[in-house]
Amino acid sequence: MSRRWAVAALLSAAVVAGGVANAIDDRYVASGWHTVERGEEGADVRVANFQVHVHGAVTSTRLEDGDVVTSPGAFVVVDLSYATTDAWDSPEEVVLIDGAGREFGEPSGFGSAARAWEAGPDIWSRGTLLFEVSADAVDDLTLEFRPQSPDARLPSAVLRVPLTVTAATEPLTVGRARILAEGER
Amino acid sequence: MTGTTRHGITGDSTATRRRPGPIATTIAAGVLVLSLGWWGWFATEQARAGWWDVGQHVGIGPDARGWAQVDNLGVGVRLQGVEALAVVDEEQPPAGFAYLALDLEVVADGAPQSRSCTVQVRDARGRLFEAGREVPYADPYVSLLECGSSDPEEPVPAEQSMLVLVPVDAELVSVRVDAIDFPPARFIELPVP
Amino acid sequence: MTEPGAITARTALAFLLATWPRRLLLSLLLLVPVVVAVSGGFRPAEPPPREVPAEAVTDTGSYLVVPRAYFVSDRVDAGSLDEGFRWVGALVQITNQGTVPISVVFEDQTFELPDEVPNEDGPNPYEVLRLDTGTRLGSAQPGVTYEVALLWRTSGLEDPPDELTLTMNQTAWTRWTIEAGYYSWRATADSFLVDLPLTEAPDSILEEEE
Numbered sequence: 001m002s003r004r005w006a007v008a009a010l011l012s013a014a015v016v017a018g019g020v021a022n023a024i025d026d027r028y029v030a031s032g033w034h035t036v037e038r039g040e041e042g043a044d045v046r047v048a049n050f051q052v053h054v055h056g057a058v059t060s061t062r063l064e065d066g067d068v069v070t071s072p073g074a075f076v077v078v079d080l081s082y083a084t085t086d087a088w089d090s091p092e093e094v095v096l097i098d099g100a101g102r103e104f105g106e107p108s109g110f111g112s113a114a115r116a117w118e119a120g121p122d123i124w125s126r127g128t129l130l131f132e133v134s135a136d137a138v139d140d141l142t143l144e145f146r147p148q149s150p151d152a153r154l155p156s157a158v159l160r161v162p163l164t165v166t167a168a169t170e171p172l173t174v175g176r177a178r179i180l181a182e183g184e185r
Numbered sequence: 001m002t003g004t005t006r007h008g009i010t011g012d013s014t015a016t017r018r019r020p021g022p023i024a025t026t027i028a029a030g031v032l033v034l035s036l037g038w039w040g041w042f043a044t045e046q047a048r049a050g051w052w053d054v055g056q057h058v059g060i061g062p063d064a065r066g067w068a069q070v071d072n073l074g075v076g077v078r079l080q081g082v083e084a085l086a087v088v089d090e091e092q093p094p095a096g097f098a099y100l101a102l103d104l105e106v107v108a109d110g111a112p113q114s115r116s117c118t119v120q121v122r123d124a125r126g127r128l129f130e131a132g133r134e135v136p137y138a139d140p141y142v143s144l145l146e147c148g149s150s151d152p153e154e155p156v157p158a159e160q161s162m163l164v165l166v167p168v169d170a171e172l173v174s175v176r177v178d179a180i181d182f183p184p185a186r187f188i189e190l191p192v193p
Numbered sequence: 001m002t003e004p005g006a007i008t009a010r011t012a013l014a015f016l017l018a019t020w021p022r023r024l025l026l027s028l029l030l031l032v033p034v035v036v037a038v039s040g041g042f043r044p045a046e047p048p049p050r051e052v053p054a055e056a057v058t059d060t061g062s063y064l065v066v067p068r069a070y071f072v073s074d075r076v077d078a079g080s081l082d083e084g085f086r087w088v089g090a091l092v093q094i095t096n097q098g099t100v101p102i103s104v105v106f107e108d109q110t111f112e113l114p115d116e117v118p119n120e121d122g123p124n125p126y127e128v129l130r131l132d133t134g135t136r137l138g139s140a141q142p143g144v145t146y147e148v149a150l151l152w153r154t155s156g157l158e159d160p161p162d163e164l165t166l167t168m169n170q171t172a173w174t175r176w177t178i179e180a181g182y183y184s185w186r187a188t189a190d191s192f193l194v195d196l197p198l199t200e201a202p203d204s205i206l207e208e209e210e
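Protein chains in written order, with the working numbering: chain B, 1 to 185; chain U, 1 to 193; chain P, 1 to 210.
Same shape as in the complex, but just chain B (with noise of 0.2 Å):
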């Protein structure tokens, strides 16, 4: 009689396992193992090789580059620092979130003062990376901020920062990353 409940709990802790690791590998193998760590703004948050400062964002239908162009969407300029803490690098891919979980890129044809740079070791710099969104968007967003492209094989690590998001009277600008002093962000 025990033998039966013995062997009914086994198959059925089998097909619970193989359930679960199907959910593991669903979730998490196939699209990187990553952890995620979460920051705010106007703090030094340290993430994989990186140490990154986001210090907030401004939003307008307007952006200046040369022209001044208007977005079907909106523009979104994000103010942050990064550094490392080995060697220089820069994150392979920065992306913003919304509530609704859509994810918005780097757009296309900006110019490279819109996208992330390289940074040293302790050798902050502060820039600009612009993103082109969703107008409904604007209101709840976050930064992710990926170090590395998440990678089946690979654990991996990604930041993300809840953003204030500022309306702007003027057309945004985005500008070459600077090296800061000694202690600044």
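Please keep in mind that the hints were generated in silico from the structure rather than gathered at the bench.
Remember, it's a predicted structure, so these values are computed and weren't measured experimentally.
Even glycine gets a Cβ: it sits at the ideal position worked out from N, Cα and C.
Hints may contain errors.
[Said to hold, decoys possible] Label-pair distances were calculated between CB atoms; the ranges are:
1. ASP44(B) to LEU193(P): 26 to 34 Å
2. ALA9(B) to PRO123(P): 52 to 60 Å
3. GLY96(U) to THR70(B): 39 to 47 Å
Please arrange chains U and P on chain B, whose structure you already have, making use of the hints.
Here is chains U and P on its own, set in the frame of chain B:
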């Protein structure tokens, strides 16, 4: 298949089946672990080879005269001098930083092959500062080290100087020189005097 | 299984396997999957494409599309776009309905040029330009509505017809079976056809007048 498995009958000294003893179990477990380990080593071979080859793992140091040679490529580098500068061509580094001037002697007398080397300065904390990054454009400093030329008529400059942005309080340990076609895992490491 | 059921099953099996001819026939059943595979396998029957009008919204899955018009030009210019080619362009409005950016050139199977148009590259667009900036679109961000020109290089169309029929495939957000957890927009068997009227190429993507 029908039939009943035979369990050991408690208390019966003529039990027909005995469970393996603790020694046999341990040996079996050991064999299992070893074979899993061997399989794991085998399965990760490509990943490990990639990591090893691309990284900097085996430093080529200087000989008695200060030259570090990558023999099969005919490339040799010698560190002539290191000097921290507070200003270069009227440009100052950000507060808390200095421009390090590296004077290097380079020889490339192997097969003609155009080659630029990356130059990094390593400090006591293990940080690697890359030469040519965020430094002024000023003569005579170059931003990439020429360590190979495809034109035998125009050999690489024998003396080349580079600037490195470093924190003022960094304790410098060595200068690393590396190129894509250096042998796997190898790089030149010249101690800073 | 009940006793009578078991007995019936055994009897049936015994009947089927009683003689060699019957055993041979039964084993031929095992060959059916092999034969089907060798002859190319089963394909889902493709339903006929649906005709949709220009200047109206069509939901293609990955996008909400408003097809507008088409043009042929050899003066299209956008930074490092190849020179010296004749371009056929489809002017459409697209809104990405998904949750991640879509690279219209590399990741998208929605838009196809008709087979009759001599095409250097392939059915999907070679490049996509935004009409507002005159630069490459790159990736279509979720929820943003772009007016774009889908471009193909052509060696034909010296005398462009009044209408060009663009194919728009229905795409579904599909899970990959090989790499678990990875999704992409894949073309399904459904598609739409839209007749695009001929028009002039928009100035914003043409090279400057000398």
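Between ALA9(B) and PRO123(P), is the Cβ distance one that fits in 52 to 60 Å? holds (56 Å)
Take a look at whether the Cβ-Cβ distance between ASP44(B) and LEU193(P) falls inside 26 to 34 Å. Because 57 Å falls outside the window, the suggested range is violated.
Is 39 to 47 Å right for how far apart the beta carbons of GLY96(U) and THR70(B) are? holds (42 Å)
Against the hints set out earlier in the document, a violation occurs for number 1 only.
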